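> Read top to bottom, the protein sequences are chains A, B and C. full-length UniProt numbering puts the first residue of the first sequence at 1, with every later residue one more than the last. full-length UniProt numbering puts the first residue of the second sequence at 1, with every later residue one more than the last. full-length UniProt numbering puts the first residue of the third sequence at 1, with every later residue one more than the last.
In case anyone wonders, no lab produced these hints; they're calculated from the structure. Computed from a predicted model, the values in this text were never measured in an experiment. Note that CB positions come from ideal geometry on N, CA and C, so glycine has one too. Incorrect hints may appear among the rest.
Unchecked claim - Some but not every residue of chain C turned toward chain B, in silico, with C-beta under 8 angstroms: (1) LEU109; (2) PHE110; (3) VAL151; (4) ASN212; (5) LEU215.
Claimed, not checked - Estimated spans, in silico, between C-beta atoms of each pair: (6) THR185/C with ASP113/A: 19 to 29 angstroms; (7) THR240/C with PHE155/B: 29 to 39 angstroms; (8) LYS179/A with LEU115/C: 29 to 39 angstroms; (9) SER196/B with SER167/C: 44 to 54 angstroms; (10) VAL33/C with PRO291/B: 17 to 27 angstroms; (11) ASP19/A with ARG16/B: 21 to 31 angstroms.
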Amino acid sequence: MATLELRNVNKTYGSGLPDTLKDIQLKIAEGEFLILVGPSGCGKSTLMNCIAGLENISGGAILVDDADISQMSPKDRDIAMVFQSYALYPTMTVRQNIEFGLKIRKVPKAQIDQEVERVAKLLQIEHLLARKPGQLSGGQQQRVAMGRALARRPKIYLFDEPLSNLDAKLRVEMRTEMKLMHQRLKTTTVYVTHDQIEAMTLGDKVAVMKDGIIQQFGTPKEIYSEPANLFVASFIGSPPMNFIPVKPAGGRGRWHVPLATDLGQLSLPLAAGDADLDQRELILGLRPEQLALAAEGDSAVLQARVEVTEPTGPDTLIFVTINGTKVCCRLAPDLAPAVGEMLKLSFDAGKALLFDAKTGERLARESKTPAEGSAGNVAQFRGR
Amino acid sequence: MNSVVALPRATPVLDRLQRWLPKLVLAPSMVVILVGFYAYIGWTLVLSFTSSSFVPNYTFVGLAQYWRLWDNDRWWVASKNLVIFGGLFIGISLVVGVLLAVLLDQRIRREGFIRTVYLYPMALSMIVTGTAWKWLLNPGMGLDKLLRDWGWTGFTFDWLINQDRVIYCVVIAAVWQASGFIMAMFLAGLRGVDGSIIRAAQVDGASLPTIYLKIVLPSLRPVFFSAFMILAHIAIKSFDLVMAMTAGGPGYASDLPAVFMYSFTFSRGQMGMGSASAMLMLGAILAILVPYLYSELRGKRHD
Amino acid sequence: MTSAVLKPGLTPSRVLIYAVLILACLMYLVPLVVMLLTSFKTPEDINSGNLLTLPHVFSTLGWVKAWATVRGYFWNSVAITVPAVLISTAVGALNGYVLSMWRFRGSQLFFGLLLFGCFLPFQAVLLPASFTLGKMGLANTTAGLVVVHVVYGLAFTTLFFRNFYVSVPEALVKAARLDGAGFFTIFGRVLLPMSVPTIMVCVIWQFTQIWNDFLFGVVFASGDAQPITVALNNLVNTTTGVKEYNVDMAAAMIAGLPTLLVYVLAGKYFLRGLTAGAVKG
Numbered sequence: 001m002a003t004l005e006l007r008n009v010n011k012t013y014g015s016g017l018p019d020t021l022k023d024i025q026l027k028i029a030e031g032e033f034l035i036l037v038g039p040s041g042c043g044k045s046t047l048m049n050c051i052a053g054l055e056n057i058s059g060g061a062i063l064v065d066d067a068d069i070s071q072m073s074p075k076d077r078d079i080a081m082v083f084q085s086y087a088l089y090p091t092m093t094v095r096q097n098i099e100f101g102l103k104i105r106k107v108p109k110a111q112i113d114q115e116v117e118r119v120a121k122l123l124q125i126e127h128l129l130a131r132k133p134g135q136l137s138g139g140q141q142q143r144v145a146m147g148r149a150l151a152r153r154p155k156i157y158l159f160d161e162p163l164s165n166l167d168a169k170l171r172v173e174m175r176t177e178m179k180l181m182h183q184r185l186k187t188t189t190v191y192v193t194h195d196q197i198e199a200m201t202l203g204d205k206v207a208v209m210k211d212g213i214i215q216q217f218g219t220p221k222e223i224y225s226e227p228a229n230l231f232v233a234s235f236i237g238s239p240p241m242n243f244i245p246v247k248p249a250g251g252r253g254r255w256h257v258p259l260a261t262d263l264g265q266l267s268l269p270l271a272a273g274d275a276d277l278d279q280r281e282l283i284l285g286l287r288p289e290q291l292a293l294a295a296e297g298d299s300a301v302l303q304a305r306v307e308v309t310e311p312t313g314p315d316t317l318i319f320v321t322i323n324g325t326k327v328c329c330r331l332a333p334d335l336a337p338a339v340g341e342m343l344k345l346s347f348d349a350g351k352a353l354l355f356d357a358k359t360g361e362r363l364a365r366e367s368k369t370p371a372e373g374s375a376g377n378v379a380q381f382r383g384r
Numbered sequence: 001m002n003s004v005v006a007l008p009r010a011t012p013v014l015d016r017l018q019r020w021l022p023k024l025v026l027a028p029s030m031v032v033i034l035v036g037f038y039a040y041i042g043w044t045l046v047l048s049f050t051s052s053s054f055v056p057n058y059t060f061v062g063l064a065q066y067w068r069l070w071d072n073d074r075w076w077v078a079s080k081n082l083v084i085f086g087g088l089f090i091g092i093s094l095v096v097g098v099l100l101a102v103l104l105d106q107r108i109r110r111e112g113f114i115r116t117v118y119l120y121p122m123a124l125s126m127i128v129t130g131t132a133w134k135w136l137l138n139p140g141m142g143l144d145k146l147l148r149d150w151g152w153t154g155f156t157f158d159w160l161i162n163q164d165r166v167i168y169c170v171v172i173a174a175v176w177q178a179s180g181f182i183m184a185m186f187l188a189g190l191r192g193v194d195g196s197i198i199r200a201a202q203v204d205g206a207s208l209p210t211i212y213l214k215i216v217l218p219s220l221r222p223v224f225f226s227a228f229m230i231l232a233h234i235a236i237k238s239f240d241l242v243m244a245m246t247a248g249g250p251g252y253a254s255d256l257p258a259v260f261m262y263s264f265t266f267s268r269g270q271m272g273m274g275s276a277s278a279m280l281m282l283g284a285i286l287a288i289l290v291p292y293l294y295s296e297l298r299g300k301r302h303d
Numbered sequence: 001m002t003s004a005v006l007k008p009g010l011t012p013s014r015v016l017i018y019a020v021l022i023l024a025c026l027m028y029l030v031p032l033v034v035m036l037l038t039s040f041k042t043p044e045d046i047n048s049g050n051l052l053t054l055p056h057v058f059s060t061l062g063w064v065k066a067w068a069t070v071r072g073y074f075w076n077s078v079a080i081t082v083p084a085v086l087i088s089t090a091v092g093a094l095n096g097y098v099l100s101m102w103r104f105r106g107s108q109l110f111f112g113l114l115l116f117g118c119f120l121p122f123q124a125v126l127l128p129a130s131f132t133l134g135k136m137g138l139a140n141t142t143a144g145l146v147v148v149h150v151v152y153g154l155a156f157t158t159l160f161f162r163n164f165y166v167s168v169p170e171a172l173v174k175a176a177r178l179d180g181a182g183f184f185t186i187f188g189r190v191l192l193p194m195s196v197p198t199i200m201v202c203v204i205w206q207f208t209q210i211w212n213d214f215l216f217g218v219v220f221a222s223g224d225a226q227p228i229t230v231a232l233n234n235l236v237n238t239t240t241g242v243k244e245y246n247v248d249m250a251a252a253m254i255a256g257l258p259t260l261l262v263y264v265l266a267g268k269y270f271l272r273g274l275t276a277g278a279v280k281g
């Protein structure tokens with residue numbers, strides 16, 4: 001296994017055209033599982049092709065075990081890839097598919113057989129070895145594609161949306177299986193997906209991409225709880241984070257934001273350090289689970305009328321309007337009120353985030369809890 | 001876990017060779033195509049501006065060869081024949097092809113066999129087709145003898161040696177050869193029409209002929225276009241069929257531009273004028289091709 | 001689509017449809033039948049009967065004489081067609097592979113020029129081509145005709161393979177590259193085994209085109225190097241001696257049989273080639 005580092009990787013298809021990749025900086029340790037996630041066209045697949053050597057980079061360096069491989073041809077990089085379409089050779093049997101890379105590398109026959117056996121056992125495809133890809137189900141093809149990558153024992157594995165061609169049920173199964181496999185084999189892996197659930201569940205590290213730029217690089221937990229900007233915040237999490245436009249009032253150290261519904265108002269206090277937030281256009285970011293039914297005695301409570309309910313089974317999603325914006329709250333089904341009912345909401349403001357409405361950047365949170373002036377649910381922010 | 005085996009690192013030279021390989025492989029074909037098509041067309045164009053006769057020479061005479069063509073009665077006959085032949089050949093082939101395709105699309109028994117019969121002439125050489133039809137239309141021994149034997153005693157059919165009619169004989173043979181193919185194109189088009197449209201029209205109370213005329217055939221516009229292109233292309237390049245059936249005769253009554261070009265260039269030692277006629281043929285094809293390609297490309301962009 | 005349109009059953013309109021279809025069948029078949037009948041007649045039979053009378057004496061004399069006349073040209077056609085088909089198909093496959101999987105700056109432009117070449121009338125290149133063949137010492141040889149057919153067949157063979165390979169996912173080539181395969185290995189081990197139907201279409205198309213060619217044959221070859229189409233035309237249009245229609249028809253059958261045979265045996269591929277390449281005319 002190996003480490004992988006990308007240094008200022010750039011990719012452009014010609015002057016005048018927008019950069020496809022801009023200053024990509026990443027580093028993962030041996031055995032780590034890196035997720036590249038983003039909407040289609042964000043450059044994640046291009047980045048993967050660049051790592052594999054299928055496309056040349058325009059600038060920067062790609063390092064495996066601290067050695068620059070960016071000028072090597074794909075076959076010399078010792079990298080294996082699993083494709084979205086699996087890309088199994090249709091005229092070869094499963095065995096021949098798995099053997100192909102080894103044969104080209106002139107591995108002795110006995111060793112090839114041994115590897116095929118190992119991989120087939122690992123992936124439980126021993127009974128399929130004599131078949132052609134056309135005779136396999138989608139899930140089986142997926143396993144064979146993984147087997148082809150595993151047989152070569154490369155330094156790094158690349159997965160290009162490997163689960164997106166499977167139906168929903170199989171996708172969840174294979175996801176778990178991939179996680180198990182990675183825990184067992186501890187392979188250095190780069191995994192491209194547009195599915196934020198895959199990103200959260202599989203990755204040790206996640207890089208969220210948009211327009212060829214890495215928006216944020218961190219652990220899934222960091223990405224979820226401290227998104228760097230509105231894009232990351234909206235992309236990760238389902239249902240997505242609520243964005244409520246607010247204008248803070250008050251004064252230095254005692255900022256609060258007014259929230260209003262048809263039925264009531266609330267000034268949600270913030271502790272925003274020294275920043276001058278007065279009348280700045282901000283966006284309050286609240287995950288649906290950070291809104292709850294108020295308990296008796298809660299101080300910061302907002303009345304609202306239920307407009308839509310969406311029972312999903314484990315949760316029921318309730319939609320209300322705050323500051324003119326639809327806001328989703330995730331409630332336990334047995335607590336959920338019916339449409340038209342009035343409810344009292346409390347806010348987990350300690351986890352709430354503030355974003356600059358213009359730049360979309362998150363206002364960094366104050367590192368220490370300030371002592372002054374606030375009891376209960378107070379979000380603390382430091383201006384920039 | 002270590003790599004099973006690392007591929008021996010290729011030397012930089014081999015690596016670079018691999019990178020150049022696609023271009024190297026394509027290069028000979030590129031040269032051949034650029035020379036064989038485009039440079040040669042340029043060469044022919046140059047020749048058409050010279051006084052070349054039996055051997056090429058490069059004494060430039062400007063547009064003189066084109067003016068000679070303009071004044072040449074035989075070229076006018078060939079051009080007029082192309083209009084007659086092309087118009088009738090394209091028109092009749094389309095009508096026959098569409099009609100047979102629509103009829104064959106009515107859940108016909110033994111459809112596969114019938115289709116095979118309609119299409120087989122396309123596999124034959126135009127020379128074979130011409131030979132067969134020359135015999136069939138032979139004045140005195142062909143069709144007219146058959147019909148006289150069958151009791152139509154006064155029947156004569158001598159178009160093959162009739163200066164004013166001979167070009168229609170070529171049309172008959174050409175339609176025989178190509179119409180089955182047009183049928184196959186339209187049949188494929190009909191099979192691609194969404195059946196629910198037809199069911200919807202039936203529910204609306206439209207009769208079968210109306211459905212075909214108003215709904216199905218208009219939806220086959222692209223097929224009409226391609227069929228027209230193909231037929232026009234065959235017509236302009238038609239050479240073999242005339243050579244086999246009439247060799248341009250009687251006299252030069254059944255000349256087509258391709259025949260004219262061949263006989264002036266290669267038999268009569270008029271390379272300059274032959275080249276000029278070839279360029280005019282090219283121009284005719286471009287006049288059809290360019291708008292077609294333009295609309296094709298524009299259509300793609302709309303998708 | 002027709003299932004909803006007409007319910008089968010012998011309504012008057014269906015009788016009419018069948019009548020028209022069968023009549024059309026006869027129209028298409030008559031020339032072939034006449035050729036066959038005539039080829040087995042004696043000259044006396046031909047003079048006394050008409051196109052559709054059966055031969056009084058079933059005579060193979062026409063065939064024997066025709067074969068003796070055109071035999072050499074038949075083998076010329078074989079000697080031209082076989083190598084030209086093989087070479088143009090092989091080169092076309094490689095070209096199509098490069099143009100779909102290894103695009104480079106300018107390759108699309110080249111493909112456009114190639115496509116355009118499919119439509120161009122050969123009359124515009126005949127003279128320079130014959131000068132070149134003369135310079136190369138290939139004038140009036142079957143080898144010269146092989147060269148010409150390869151060059152002017154390339155546009156189509158490339159088109160066939162290119163159009164097939166663009167439908168093949170590029171990921172296959174990427175996977176093979178990561179597996180360590182090079183340019184030719186990918187082609188030979190991964191793509192070519194998938195291309196059997198396209199190879200069939202291409203071979204059949206080229207075979208019919210080259211076998212049936214007359215223009216190149218008559219311009220670039222004379223005398224002993226002529227292909228059978230030219231020989232047939234000479235035989236039929238000769239003005240000296242007594243016309244022997246049975247020999248003409250037998251010779252025409254001999255010239256037409258190889259392509260007819262291919263059509264009957266591989267009609268599916270024949271039609272696919274036609275629709276893909278019919279523009280060549």
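> The structure should be examined with respect to each hint, and the outcome stated for every one.
Status of the hints after comparison with the structure:
1. Annotation: interface hint on LEU109/C violated; nearest CB of chain B at approximately 10 angstroms, more than 8 angstroms.
2. Among the interface hints, the one on PHE110/C holds; its C-beta lies about 6 angstroms from the nearest C-beta in chain B, closer than the 8 angstroms criterion.
3. For the restraint placing VAL151/C at the interface with chain B, the shortest Cβ-Cβ distance is roughly 5 angstroms, inside the 8 angstroms limit, so the hint holds.
4. The closest approach between the C-beta of ASN212/C and any C-beta of chain B is roughly 4 angstroms, which is under the 8 angstroms cut-off, so the hint is satisfied.
5. With a cut of 8 angstroms, the hint placing LEU215/C at the interface with chain B holds, because the nearest CB-to-CB distance is about 6 angstroms.
6. As the Cβ distance of THR185/C to ASP113/A is approximately 21 angstroms, the hint placing it in 19 to 29 angstroms holds.
7. Checked against the hint of 29 to 39 angstroms, the pair THR240/C and PHE155/B passes, with Cβ atoms roughly 31 angstroms apart.
8. Taking 29 to 39 angstroms as the suggested C-beta distance range, the pair LYS179/A and LEU115/C does not conform, at roughly 50 angstroms.
9. SER196/B and SER167/C have their C-beta atoms about 27 angstroms apart, which leaves the hinted 44 to 54 angstroms range violated.
10. The hinted window of 17 to 27 angstroms between VAL33/C and PRO291/B is violated, with their beta carbons roughly 42 angstroms apart.
11. Between ASP19/A and ARG16/B the beta carbons are some 27 angstroms apart, a value that agrees with the proposed interval 21 to 31 angstroms.
Consistency note: the structure conflicts with the earlier hints numbered 1, 8, 9 and 10.
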